[in-house]
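Using the supplied hints, reconstruct the complex from the two chains, each of which is provided in its own coordinate frame.
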Amino acid sequence: MSSAEAEQNADYSEWRALEAPRFSCALGGALGTALGIYGSVPILHSGAGCGIGQLFGQLYAGGQNAGGPQGGTSTPCSSLVEHHVVFGGEEKLKDLISASTELMEGDLYAVITGCVPSLIGDDVSAVVRPFKEEKDIIYVKTSGFTGNSYEGYELFFEAVINDLLKPAEKIKPKTVNIFGIVPYQHVFWKGDAKVIKDLLARIGVTANVFLAEFDGTDQLRNIPSAEYNIVLSTWNGHRVASLLKEKFNTPYLTFPSVPIGPKQTAEFLRSVGKALNVSESVVEKVIESEERRVYRFIEYGGDAHMLVRPHPFFAVVADSGIAIGITRFLVNELGYLPDVVQISDEPPEEVRAEIIKHLTEGLETPVKPDVIFETDSYLVRQNLKNRPFMFLYASSLEAPTALQEYGALPITVSFPTMNRLILNRTYAGFDGALTLFEETISTFVGPL
Amino acid sequence: MVYNTREEAEKELYEKKIDLSQTTCPNREQRANGINIFYGKASELVDQAKSGCLKNHERGFAQSSGCTLNFYLSVRVGTIRDSATIFHAPVGCSSSALGYRELFRGVPVEMGRPANYDLHWMTTNLRDKDVVYGAGDKLKKTIYEAQRRYNPKAIFILTSCTTGIIGEDIEGAVADVQPHIDATIVPIHCEGVRSRLVQTGYDAFWHAILKYLVKKPEKKQEDLVNVASMLSYTWQDRLEIQRLLNKVGLRANLIPEFASVEQFQQLSEAAVTAPLCPTYTDYISHGLEQEYGVPYFMYPSPMGVANTDEWLRQIGKHTGKVDEIEALIEDEHKTWVPKLLAIRSEFDRIAAEKGSKVRVLGSLGQGRLLAQLPYFDELGLTSPAAMSQDYDNLILEDLEEVISKVGDFDLLVNTFQAAEQSHITQQLDPDLTLSCPFQGGAYKRGKGSTRIHALRGDPHPWSAQSGYTGAIAFGNFLLQSLKSTSFQKTLKAKTKDSYREWWFKQSNPLYYMKPESI
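Chains W and B, in that order, give the protein sequences.
Counting the first sequence from 1 gives a position; my numbering is that position plus 27.
Counting the second sequence from 1 gives a position; my numbering is that position plus 902.
Think of the hints as simulated: they come from the structure by calculation, not from any bench.
Note that the coordinates shown come from a computational prediction; the quantities given were computed from them, not determined experimentally.
One should not assume that every hint holds.
To be verified - Okay, the calculated beta carbon distance ranges per label pair:
(1) 298(W) x 1395(B): 23 to 33 Å
(2) 447(W) x 1403(B): 32 to 42 Å
(3) 132(W) x 1389(B): 16 to 26 Å
(4) 395(W) x 1039(B): 55 to 65 Å
(5) 1396(B) x 229(W): 28 to 38 Å
(6) 1208(B) x 132(W): 41 to 51 Å
(7) 395(W) x 1035(B): 55 to 65 Å
(8) 194(W) x 1008(B): 14 to 24 Å
(9) 394(W) x 1148(B): 48 to 58 Å
(10) 1302(B) x 118(W): 31 to 41 Å
(11) 1396(B) x 114(W): 20 to 30 Å
(12) 1396(B) x 316(W): 27 to 37 Å
(13) 1349(B) x 242(W): 31 to 41 Å
Claimed, not checked - The list that follows gives simulated cross-link-like pairs (lysine-lysine, BS3-like), each with its CA atoms no further than 27 Å apart:
(14) 221(W) x 1398(B)
(15) 1396(B) x 224(W)
(16) 1256(B) x 1398(B)
(17) 1416(B) x 412(W)
(18) 121(W) x 919(B)
(19) 1407(B) x 162(W)
(20) 290(W) x 301(W)
(21) 197(W) x 121(W)
(22) 412(W) x 1396(B)
(23) 121(W) x 1349(B)
(24) 1219(B) x 919(B)
(25) 1398(B) x 159(W)
(26) 1396(B) x 121(W)
(27) 301(W) x 221(W)
(28) 224(W) x 957(B)
(29) 1121(B) x 162(W)
(30) 312(W) x 224(W)
(31) 1416(B) x 162(W)
(32) 1031(B) x 168(W)
(33) 272(W) x 197(W)
(34) 1416(B) x 159(W)
(35) 272(W) x 193(W)
Claimed, not checked - Okay, the calculated bits of chain B under chain W, using three or more residues with CB under 8 Å as the criterion:
(36) 1028-1042
(37) 1110-1120
Backbone N, C-alpha and C define an ideal beta-carbon position, used for all residues, glycine too.
Looking at chain B on its own, in the form it has when it is part of the complex (with noise of 0.2 Å):
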C-alpha cells in the first residue's frame, strides 16, 4: 500500500486521536503496532511495516532493559521543580531516583541554573501487608503528607507492577483527596508489566499531563515555543535552545526535565511544539494540537547543520518568523559552517589514508537514529548500520526520508539486549562504536569506542550535541574519539567477556528469537 500524503499514512497506521477521557494511553503496541525485536536492512522493515505484517516477537533470551516505570520515568517525574512525586510501588521501583537531589547541582548558577530549589519524591514502601489488605488509605495519607510537607504546586503518582496487578483504585484515591489539598494531583499509569514498550511509559506521562495539567488557554503566547528535552539533551544543549531562539525573539518552553509545574500548565498556550525527539514527544504534540490546537512538528530534530537549519524553519512557519529564521540561519552559517568543513576535512583526510570513510554505529532511541544518520552524512561518516531501542509507526514516514537521504542500513531494533548489541558491534566492527552503559561490555574492543552522549546535569561545552553549537561541539568530539583506544582495549585483552565464545562465531544477532509472533 501507498500512502499519498502523509495525513493518509498517519490515519492507516497509527491512532492519532487521543482520548482524554480515560484514566490513561493505549500501548504503543496497539496505538502504532510498536516493537522491539528486528534485524535486517532499514527498507525491509519499512516495508513490512507498511503492508501491515510488522510482527513482535517473544526472545528466549532477554536481558533487563527498562519498564515503562524504570527507568526513563522514574528518573525524570522528580526534576520537575515545585512537584513531589510518589511512587505508589515497593521500595526497589523508586531507587533509580536517588540521584534527584545532585541532577543539576553541577550546573553553575552562572549559567541560568536556580540557585534554590528542592526536589522531592516519596514511596510508599509497599510491603506484604499492603499487597494483602490493599494500599489505598497509604496513598491517600502519602499525598497529604506530600501536600503538608512540600507544600507542591502539583504532585505525581507514579503506578507499579504490584498496584496494577492488585487493582489499586488510584482514580478513587485521587478523587477522594484532591478536594482536600491545594497540589493537583497527576496520576500516571505506568505499571511494568503494561507493555513491552518503554515508550509506551512517555504517552502514560503525557496523556496524565494532557488530562490533568496543562490548562486552557489565557492568552495566546505568540513567541513560546514548546520543547520536549530528553534526558540524553545536556545544560549545554538546553542553552543553545534557548540562545538560537531568543535570537529571534522567541523563548523556548523546555519541559520536563526540571521544568517547573506552570511551564507545563502553559504548554496550551504556546505557538508551536517542536521535537526534539519526534517518538517521545508525540503524545503530547498531537494532544495539545487536538485539545488546544497548538500546531506541531515532527522531524528533524536539531542534530547537524541541515538539521537545525530545517528545525528552525519549522518554527518560523508557526511563529510568523519566517524571514528572522532565515535571517538567522544565515548569520549562524557565517559562524559555524567553516567549522563543520575543517572537521569533515579532518574525516576526509582520515578516510583518505585508510582508503574508506569512518565508518560509525550508533543511535538509541528511535529519535536519535531518525537525526544522527543525517548529520553523520554532513561529517563525511558512513553509518553501515544502526540500532534503536524500539521502532513503531509513528517514525515509519521519516524513516524513509532517511533512507531516502543516506541510503538503506542495517537496522537493529532491540532494547538495550546487551548481547545483541555486543554481537553486531563485533560483527560489523565500526571503526567507531557510541556506546551506552546499557550495552554491557559492547564498547570494549579493538577501535574506537566513545559514548553516545552525555546528560542532563553536564554543564560542559564540549558535550553538547544541539543545534549549530552543538553540531560543532560533537563533531570535534568524535574526532577527538578516534585517537583514543586504550581504555578499550586494555579492557577487551585483560577482562572476561559475558558470553561464551560460540556466541560471536555464530551469524545472528537474534539468535534468541522466537518464530512464533505476539
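Okay, chain W solo, but in the shape it has when bound (with noise of 0.2 Å):
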C-alpha cells in the first residue's frame, strides 16, 4: 500500500479538509442544473459572490462554458450582507423574485438558496407561496454545507417534482425520462444528451433529456407520463428516479454510465428495447449498421493505432460515469490496459462495491486496475506517481504537468475541464468511440 493510500484509508471521511475537490457546492450543483434546462430562470437567494463564484468554479471548470443568457453575472441573486443577517432576507428575496419576473423571461423560475439564508432561517417557502399563483416556481433549497454539486442536482429535480409536478392523466408509452447526467460536472453533458435521445428515437423511443433542449421545461412537466425512467449513473439520479416510482409508480433501468463505443451503446439500446417491448429486429438493424460504419471508420486510425502505441496502459480520474464508460472502452474495443482508476466525484459508500465491479468485471484483458476513491487533488497526484500509463484521461488540473510528472500523455475528459472548449463534444453512442479514438492518437501521432 502506497503511502498516499494508507493516508487516505487512515483518514476516510467525507468531512475532511481537501486540496481542490473536483465539484462545486451544492448551490453550484442546482444552479448549473437549472442553467442546463432551457427556459428555467434561477434567481440565487445568497451572498452576492454565489454566482459568480459558481461562473469560475462550475460553468468555465465544466468545459469553459460561458453563463448564457441567465447564468454567470446574469442571475438574479438578492446579494445578501450582514444587515439581512440581522433583519433577515426575506422582503430583499420577495422584491427580487417580483423584479425577475418582470424583467427576465422564463417558463420556470428557480430560487436557488445558499448558505446565508440557511444559517439565518429565512422562511423561504413562505416567500416563494404567493408567486406560485402566477408563475411556475420551484424552491431548491440548498446550502453550500449541505453537500456538493451533485447533491444539489438531486435537490433541484426533487424540488421539480415536489413543487411543480402532478399525475399524468394518461402514461404515453414508448416515453422516458433520461437521469443521472449532470450538468457541468459531466462535462460532456450538452453532446451526451442529444445522442441518447437521437439514439432512442432510432429505436421509436422518445426521451425527455431535458438538458440543453429548448422545450426543456415543458420537458420536466411531462415526467409524469413517462413510461420508464432511465437512469445513467451508479448513483447520480437514483434519488430522483426513486421518488417518481414512489409519486409516479414510474419503473426505472440503470446504466453504470452513458454508454460510450458500439459495445456499450449496443447493451444499453438492447436493454431499453427489451423493457420497452421494441421489435427487437429494429433494434438489432440499428446496431447492426452503426456497428459497421463505426469500426469501418476505426481502421482509419489502424496504423497509427498499432504501429506507435498498441496495447498501452492508461490512467483515468474522473467522475464514476465517464471513469466506467472509458475505462471499459478502452479496454474492450482499443484493447488499452487499465492501470489505475481514481474516482473523483465521492459516489456513497454504498454504491463503490458496485463501481469496482463495473471497472474490474467484464473486461477483456487479465489485466485490473487499481481502484481508489479520491477526490483531493494533492492524493490523486501522489496516486499516480510511479507507475507505467502513458495516457492520463483526467481533468485540467494534471493537464498542465502531465507528461513532466509521469511522462503520459493528458487527454482531459472530467471536471474541472478549463483547457478545452465543449460544446457538442461527446464520446457517447456508436459515434463517440471515434471522438475519443481520434482524440487520443491526436495526442501523439505524427509523421509515420
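So, in C-alpha cells, the structure goes:
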C-alpha cells in the first residue's frame, strides 16, 4: 500500500479538508442544472459572490462554458450582506422574485438558496408560495454546506417533483425520462443528452432529456407521463428516479454510465428495447448498421494505433460515470490496459462495490486496474506517481504537468475542464468511439 | 466644501490611519464612503461626494456580482508561490480557484516563468455538522496538514460567510497552531456578507499582509519599486514594467500575482510603492508608509504614453533617478511616439470619414476608469460615458483631475450588474464597447465590441496594455477591433436577449434602485 493510500484509508471521511476537490457545492450543482434546462431562470438567494463564483467554479470549470442569458453575472441574486443577517432576507427575496419575473422571461423560475439564508433561518417557502399563483416557481433548498454539486442536481429535481409535477392523466407508451447526467460536472452533458435522445429515437423511443433543449421545461412537466425512467449513473439521479417511482409509480432502469462506443451502446439499446417492448429486429438493425460504419472508420486509425502506441497502459481520474464508460471502451474495444482509476465524485459508500465491479469485471484483459476513490487533488497526484501508464484521462488539474510528472499524455475528460471548450463534443453512443479514438491518437500521431 | 490640499481632502474624506492591532480593516463603506450604485454626470458624483450627500442604495433587482471573497481573492491568493491557501468555507466558495494549476503554465519558460513551481489550496469543506458544532479543530487540522504536505513559507486563511455567521474564532485557532508550525499563518477576513463592496476584500487582504507577513526592514533597497498588479495585467505588462525599470537600474517587486512569499516580506524595504490601480493598492501603500516610511503615489497608472511618462517621473522622484528617468522617457518616445501618432491618425481618419470621433464605452474598476480615459483621449477617441465597479472617496481628487483633463462624462457605477450594463450600452450606442464576461450579453450588438483587457496568464504581446509597448499594442488592438463585427451581430440577431423588451424602451439603467438610502 502506498503512503497516499494509507493516508486515505486512515483519514477517510467525506468531511475532511481537501485540496481542490472536483466539484462545487450544492448551490453550484442546482444552479448548473437550472441553467442546463433552457427556459428556467435561476434566482439565487445568497451572498453576492455565489453566482460569479460558480461562473468560474462550475461553468468555466465544466468545459469553459459561458453563463449564457441566465447564468454568470446575469443570474438574479439577492446579494445578502450583514444587514440581512441581522434583519432577515425575506423582503429582499420577495422584491427580487417580483423584479426577476418582470424583467426576465422564463417558463420556470427556480429559487436556489445559499448558506446565508440557511444559517439565518429565512422562511423561503413562505416567500415563494404567493408567486405560485401566477408563475411556475420552485424552491431548491440548497446551501453550500448541504453537500456538493451532485447533491445539488438531486435537490433541483426533487424540487421540480415536489413543487411542479402533477400525476399524469395518461402514460405515454415508449416515452422515457433520462436522469444521471449532471450538467457541467459531466463535462460532455450537452452532447451526451443529444446523442441519447437521438439514439432512442432510432428505436422509436421518445426521451425527455431536459438538458440543452428549448422545450426543456415542457419536458420537465411531462416527467410523470413517461413509461420508464432511465438512469445513466451508478448513483446520480437514483434518488430522483426512486422518488418518481414512489410518487407516480414509474419504473426505472439503470446503466452504470452514459454508453461509450458500440459495445456499450448496443447493450444499452437492447436493454431499453426489451423493457419498452421495442421489436428486437428494429433494435438489431440499428446496431448492425451503426457498428459496421463505426468500426470501418476505426480502421483508418489502425496504422497509427498499431505502429506507435498499441496496448498502452492508461490511468483515469474522473467521476464514476465517465470513468466506467471510458475504461470499458478503451479496454474492451481498443485493447488498452487499465493501470489505475481514481473516482473523483465521492459516490456514497453503498455504491462503491458496484463501481469497482464495473471497472474490474467483464474486461477483455487479465489486467485489473487499481480503483481508488479520491477527490483530493494532492492525493490524486500522489496516487499517480511511479506507474506505467502512458495516457492520462483526467481533468485540467492534471493536464499541465502530466508529461513532466508522469511521462503521460493528458486528455481532459472530467471536471474541472478548463483547457478545452466543450460544446457538442461527446463520447456517447456509437460515434463517441470515433471521437475518443481520434482525440487519443491525435495526442501523439505524426509522420510515420 | 473646497479642499486646498490633497492631504486636507484625504483627512476629511476617508480614514487614512491603518490600525494593525485590529483583526481586519474597516469596510470601504466606512473607510471611504464607498458606494456601488450611481448614474449621472461624473461632476455630479464629485459634488455629492464632496458635500457628503453621496449615498448607497439597495437594488430591487440585482444580479450576482461578487463578494469580498469571490472572485478576486479566491482566484488570486492561491497564485502566491511557496505558500498554501486554506478556504475556511463550504466547498463551493473555492471552486472558482480550480484553475490554479493552469493559470501561468501557458507562459513560456523563456519569457521568465519559473520552470518548476507548485501552487496549493485546500478547503476545510464545511458541512452541516461543522456548522452545528463549530469547525475550529478542523481548521487547525487543516493548517497542520497543509504544513505537512507542502512545507510552505506562508499559509493564507480565507474566511467565508459561513465562518462569519457561525462565529468561528479564527485568531484563536491561529494563535494555538502558529507556535507549532514553520509557515507564517495569515488569516484574511473576507466573509462575503461583511461588505457590499468587493474592494473591501482587497483591503482585508492587504491588512493581513501588513499585519502578518511584511517584515521589519533589515536594509533599505533603494532600487526596489513595489508594484501591486491586478489580474487584468498580462505577463507582457509585467515584462514591460520590468523592462522600463531595469533600464534605469531599478527592480520591480510585483505582488501579489505569482509572487513569492519573500517578495511580500521585503515590501518594507522598497524605495516606493507605485500603483497600477490606485484604489486596489491604496491600503498597502498607506500601510507601508505608515509602518515603515515607504513613500507612495496613487496616480497615474502606466496606461498610455503621457500616463506612463508621469508614472515613471513619480518613481524617479522617490528613487533619486530624476535625470535617468527623463533620459529614459526621451529615449522611449523616439520609438513609441511615432507609432502612437500613426494609430492616432488612423483613428482621426476614421473620425473624418464618419464625421465624429470614435466613441468608446469602457472601464471596469475605479483605477481603470482613471487611467483609461486620458489614454483614450491620447488616441483621439472619445468616451461619452464610463462604467465603474464602485466609487469611493479614495479617488475623489483624481476623478476631478480626469474630468478637468477630458471633460465631463456620464458615469454608471455598478458592480457587474449585467442588466444595467446592457441597458447603457444599448442606450448610448457607442462605436466600440469594451466588454467583459461580467456584462452578460452586452457585447451582442451591431457595432464594435471587444474585450476591455486580457488576463494575467496571457503571454502574447498583442494583449499588452501597460507602459509604452502596451499603449501601442492596445491602440492597434482597438483599431483591429473596429474591423470586426460579425460575431456580435450574428449573436445579436440569432440568440435571445436576457431581458424583456420593455427594459430597453425605458430610459433609466437604475430603474430598480430603491429611493431610500442605506
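Which numbered conditions among the earlier hints are violated in the structure presented, ordered from lowest to highest?
1, 4, 7, 8, 11, 16, 17, 18, 21, 22, 23, 26, 28, 29, 37
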